[in-house]
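Number of protein chains: 2
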Amino acid sequence: MANLTKPLDESAFSIIGLGLMGASLAMALRDKVCALCGFDSDPVTRALAAATPDQGIDRVADTLPDALLDADVIVLATPARTILSLLAELHEIGASLKPGALIIDLGSTKSEIVAAMRSLPPHLYAIGGHPMCGKETSGFSAADPTLYAGCTFVLCDAGRSQPDHNTLAESLVRAVGGNPYWLDATLHDQYVAIISHLPYLLSMGLVAQVANDASRDTLFALAATGFRDTTRLAGSDLAMMGDVMATNTDAIWRALAGLQEQLTALLAAFVNDAPPDRAWLSATREERRAWGEAFAKRKENPQNPKQGS
Amino acid sequence: MANLTKPLDESAFSIIGLGLMGASLAMALRDKVCALCGFDSDPVTRALAAATPDQGIDRVADTLPDALLDADVIVLATPARTILSLLAELHEIGASLKPGALIIDLGSTKSEIVAAMRSLPPHLYAIGGHPMCGKETSGFSAADPTLYAGCTFVLCDAGRSQPDHNTLAESLVRAVGGNPYWLDATLHDQYVAIISHLPYLLSMGLVAQVANDASRDTLFALAATGFRDTTRLAGSDLAMMGDVMATNTDAIWRALAGLQEQLTALLAAFVNDAPPDRAWLSATREERRAWGEAFAKRKENPQNPKQGS
Numbered sequence: 000m001a002n003l004t005k006p007l008d009e010s011a012f013s014i015i016g017l018g019l020m021g022a023s024l025a026m027a028l029r030d031k032v033c034a035l036c037g038f039d040s041d042p043v044t045r046a047l048a049a050a051t052p053d054q055g056i057d058r059v060a061d062t063l064p065d066a067l068l069d070a071d072v073i074v075l076a077t078p079a080r081t082i083l084s085l086l087a088e089l090h091e092i093g094a095s096l097k098p099g100a101l102i103i104d105l106g107s108t109k110s111e112i113v114a115a116m117r118s119l120p121p122h123l124y125a126i127g128g129h130p131m132c133g134k135e136t137s138g139f140s141a142a143d144p145t146l147y148a149g150c151t152f153v154l155c156d157a158g159r160s161q162p163d164h165n166t167l168a169e170s171l172v173r174a175v176g177g178n179p180y181w182l183d184a185t186l187h188d189q190y191v192a193i194i195s196h197l198p199y200l201l202s203m204g205l206v207a208q209v210a211n212d213a214s215r216d217t218l219f220a221l222a223a224t225g226f227r228d229t230t231r232l233a234g235s236d237l238a239m240m241g242d243v244m245a246t247n248t249d250a251i252w253r254a255l256a257g258l259q260e261q262l263t264a265l266l267a268a269f270v271n272d273a274p275p276d277r278a279w280l281s282a283t284r285e286e287r288r289a290w291g292e293a294f295a296k297r298k299e300n301p302q303n304p305k306q307g308s
Numbered sequence: 000m001a002n003l004t005k006p007l008d009e010s011a012f013s014i015i016g017l018g019l020m021g022a023s024l025a026m027a028l029r030d031k032v033c034a035l036c037g038f039d040s041d042p043v044t045r046a047l048a049a050a051t052p053d054q055g056i057d058r059v060a061d062t063l064p065d066a067l068l069d070a071d072v073i074v075l076a077t078p079a080r081t082i083l084s085l086l087a088e089l090h091e092i093g094a095s096l097k098p099g100a101l102i103i104d105l106g107s108t109k110s111e112i113v114a115a116m117r118s119l120p121p122h123l124y125a126i127g128g129h130p131m132c133g134k135e136t137s138g139f140s141a142a143d144p145t146l147y148a149g150c151t152f153v154l155c156d157a158g159r160s161q162p163d164h165n166t167l168a169e170s171l172v173r174a175v176g177g178n179p180y181w182l183d184a185t186l187h188d189q190y191v192a193i194i195s196h197l198p199y200l201l202s203m204g205l206v207a208q209v210a211n212d213a214s215r216d217t218l219f220a221l222a223a224t225g226f227r228d229t230t231r232l233a234g235s236d237l238a239m240m241g242d243v244m245a246t247n248t249d250a251i252w253r254a255l256a257g258l259q260e261q262l263t264a265l266l267a268a269f270v271n272d273a274p275p276d277r278a279w280l281s282a283t284r285e286e287r288r289a290w291g292e293a294f295a296k297r298k299e300n301p302q303n304p305k306q307g308s
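Taken in order, these protein sequences are the chains called E and V.
To convert, note that position 110 of the first sequence is 109 in numbering that gives the first Met the number 0; the numbers rise steadily by one, no gaps.
To convert, note that position 227 of the second sequence is 226 in numbering that gives the first Met the number 0; the numbers rise steadily by one, no gaps.
Just chain E, same shape as in the assembly (with noise of 0.2 Å):
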């Protein structure tokens, strides 16, 4: 079964959905495939995409199965749950996929998603990913070509790929500024749990208690720039994140049973004020320091693959 896949400037891409991620995936690998069909199941979408052919989209599609017809790779570019419904399409209407189509996601989760990819019928082919990027704005119009330059893109084997198609989704990955990074789906989700769910979830949480309060004029009148940074995630797609919490509830709640830990020892360390204690709170601030720096430079200067554990 070698040399089912094309290299990515000879295959036609299906993206399905047409939001931030996926709009902004049609931009990135402009001029880079030899065609670019994409679908939404909102017909403003649909319409908005066939009006703005410059963004990337050779051939919007009226229906699923139009869109999937001639693809040599399906990008699922939804939200998680949306992305399960999709799977469980595509294991119905398999058979008239070309053989050796590729169909990798995009989701914020991974677990029931990789799972769902295992249980498809071994004639089609599946990896999962995570890029690590995104903006507290969504949609169509929210698309930006630089959006994956730098970023992190997990890749999680589901057991449903040849070296090939590996390799095909790391050039993609390349393609559009990336830096491919394979790992289990079950940890990718415990990780992103800590590094993403739960910010998102804190900056919710943070939102919500000022405006639920009875002081809530005054707070808003008080909050300043630490507020705004710290609350930014808030303005995130609830669609996205509600799909988020719903597949990896039992990680984000073992995550903020990790912060609790780390907000009892910061403030005992803070009231203490004795040397080893400062010293740790010296560290802690020096690691966020640390890390923002290398990020930045991540971000600068976006080709510096790594492999992840």
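Please note that the accuracy of each hint is not assured.
Given that identical chains are not distinguished, each listed pair holds provided it fits within a single copy or across any two copies.
Here are the simulated EDC-like cross-link-like pairs (lysine to aspartate or glutamate), alpha carbons at most 20 Å apart as the crow flies [unchecked claim]:
#, residue 1, residue 2
1, K31, E9
2, K298, D228
3, K134, D272
4, K5, D272
5, K134, D228
6, K298, D216
7, K97, D249
8, K296, E91
9, K134, D183
10, K97, E260
11, K97, D8
12, K134, E91
13, K134, E285
14, K5, D228
15, K298, D272
16, K134, D163
17, K31, E111
18, K298, D143
19, K31, D41
20, K296, D216
21, K31, D53
22, K134, E286
23, K5, D69
24, K134, D69
No lab work stands behind these hints: they were computed from the structure.
Model the placement of chain V on the given structure of chain E, informed by the hints.
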């Protein structure tokens, strides 16, 4: 005891503490007051201030008493516990201050400071202050003349000021572009625990959680813009924030308990995914959007005074 104070442009200022807040205040007050003396307990900072006279400081004093001698307005721009020590010193040397001289502080917490102001000898005048602005960088070199532009500048009555002093304090706030906002010290501390101290603690907690994890390298590789913004406050000055934690511990714990309630409600709403919950989530997201827009407008258009409750 009328006319104890002069108008702003005839007042001699002394700023004690030439870090980010004090040095930025000096830059913002340049040419708006008749004299500006600066003092810092750190000789390196004093030398730096003396070497850069274009930043608004006319004279750098070598000792605290020397700095206070000619001042009509004394601004205490140090971390909160240092302000408490300075107030104790002023208690001692108060007799040598100019009659009618006004002490204003810029500390992040107000209850303990205003209580210390209340116990000053009756001939000393004082008002508590807290400008709701800052940066995650600190020190004299980080000073920025626009730091106070558009900020809500809390003023707390300490029972140690005449109407003329209050007017002078408001003029000072407006001169640097801020909006005076009179507020009770205890309420202030409860409010800032929610909108400022808790976000800082969460920010540090998230960093500590990642830094202390066995998989820290992978977590840092996956962390992206969401983590960056949510943890930006972890770069804040440790001396300042240590004093905040130590002088507002109870209110911060209460704020944390309030956040936990919100988090429980949020996660339940996400998991239930029913219409009333979805409306609540959507309303929370909308609260953040509306506040973000109003805050940006306030920053762009500094003069919009408002009265606190």
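For each hint, the structure was consulted:
For the identical chains of this complex, K31 and E9 are intra-copy neighbours only, at 9 Å inside a copy versus 68 Å across copies, given an alpha-carbon limit of 20 Å. Both within a single protomer and between protomers do K298 and D228 lie at most 20 Å apart by alpha-carbon distance, with minima of 19 Å and 15 Å respectively. Taking the shortest Cα distances, K134 and D272 never come within 20 Å of each other, neither inside one copy (38 Å) nor across copies (23 Å). In this assembly of identical chains, K5 and D272 lie within 20 Å of each other by CA distance neither inside one copy nor across copies; the values are 62 Å within and 42 Å between.
Both within a single protomer and between protomers do K134 and D228 lie at most 20 Å apart by alpha-carbon distance, with minima of 13 Å and 11 Å respectively. With identical chains, the CA atoms of K298 and D216 are at most 20 Å apart between copies only, with a shortest distance of 17 Å across copies and 38 Å within one. Taking identical chains as interchangeable, the C-alpha atoms of K97 and D249 are never at most 20 Å apart, the minima being 37 Å within one chain and 64 Å between chains. Taking the shortest alpha-carbon separations for K296 and E91, neither the intra-copy value of 45 Å nor the inter-copy value of 52 Å comes in at or below 20 Å.
Taking the shortest alpha-carbon separations for K134 and D183, neither the intra-copy value of 25 Å nor the inter-copy value of 38 Å comes in at or below 20 Å. In this homomeric assembly, K97 and E260 never come within 20 Å of each other (Cα to Cα): the closest approach is 51 Å inside a single copy and 51 Å across copies. Only within a single protomer do K97 and D8 lie at most 20 Å apart by alpha-carbon distance; the minimum there is 17 Å, versus 79 Å between protomers. For the homomeric pair K134 and E91, neither the shortest alpha-carbon distance inside one copy (34 Å) nor that between copies (55 Å) is at most 20 Å.
Proximity of K134 and E285 under a CA criterion of 20 Å is satisfied inter-copy only: 16 Å between copies versus 26 Å inside one chain copy. For a Cα distance limit of 20 Å, the shortest separation of K5 from D228 qualifies neither inside one copy, at 44 Å, nor across copies, at 40 Å. Neither within a single protomer nor between protomers do K298 and D272 lie at most 20 Å apart by alpha-carbon distance, with minima of 37 Å and 36 Å respectively. Taking the shortest alpha-carbon separations for K134 and D163, neither the intra-copy value of 32 Å nor the inter-copy value of 49 Å comes in at or below 20 Å.
In this assembly of identical chains, K31 and E111 lie within 20 Å of each other by CA distance neither inside one copy nor across copies; the values are 31 Å within and 63 Å between. Taking identical chains as interchangeable, the C-alpha atoms of K298 and D143 lie at most 20 Å apart only when both belong to the same chain, with a minimum of 15 Å there against 27 Å between chains. With identical chains, the CA atoms of K31 and D41 are never at most 20 Å apart, being 26 Å at best within one copy and 58 Å at best between copies. Proximity of K296 and D216 under a CA criterion of 20 Å is satisfied inter-copy only: 16 Å between copies versus 39 Å inside one chain copy.
Within a single copy, K31 and D53 get their C-alpha atoms as close as 14 Å, which meets the 20 Å cut-off; across copies the closest is 54 Å, which misses it. When the C-alpha separation of K134 and E286 is checked against a cutoff of 20 Å, the pair qualifies only between copies, where the shortest distance is 18 Å, while the shortest distance within a copy is 24 Å. For the identical chains of this complex, K5 and D69 are intra-copy neighbours only, at 13 Å inside a copy versus 81 Å across copies, given an alpha-carbon limit of 20 Å. In this homomeric assembly, K134 and D69 never come within 20 Å of each other (Cα to Cα): the closest approach is 31 Å inside a single copy and 53 Å across copies.
When held up to the earlier numbered hints, the structure conflicts with 3, 4, 7, 8, 9, 10, 12, 14, 15, 16, 17, 19, 24 and fits the remainder.
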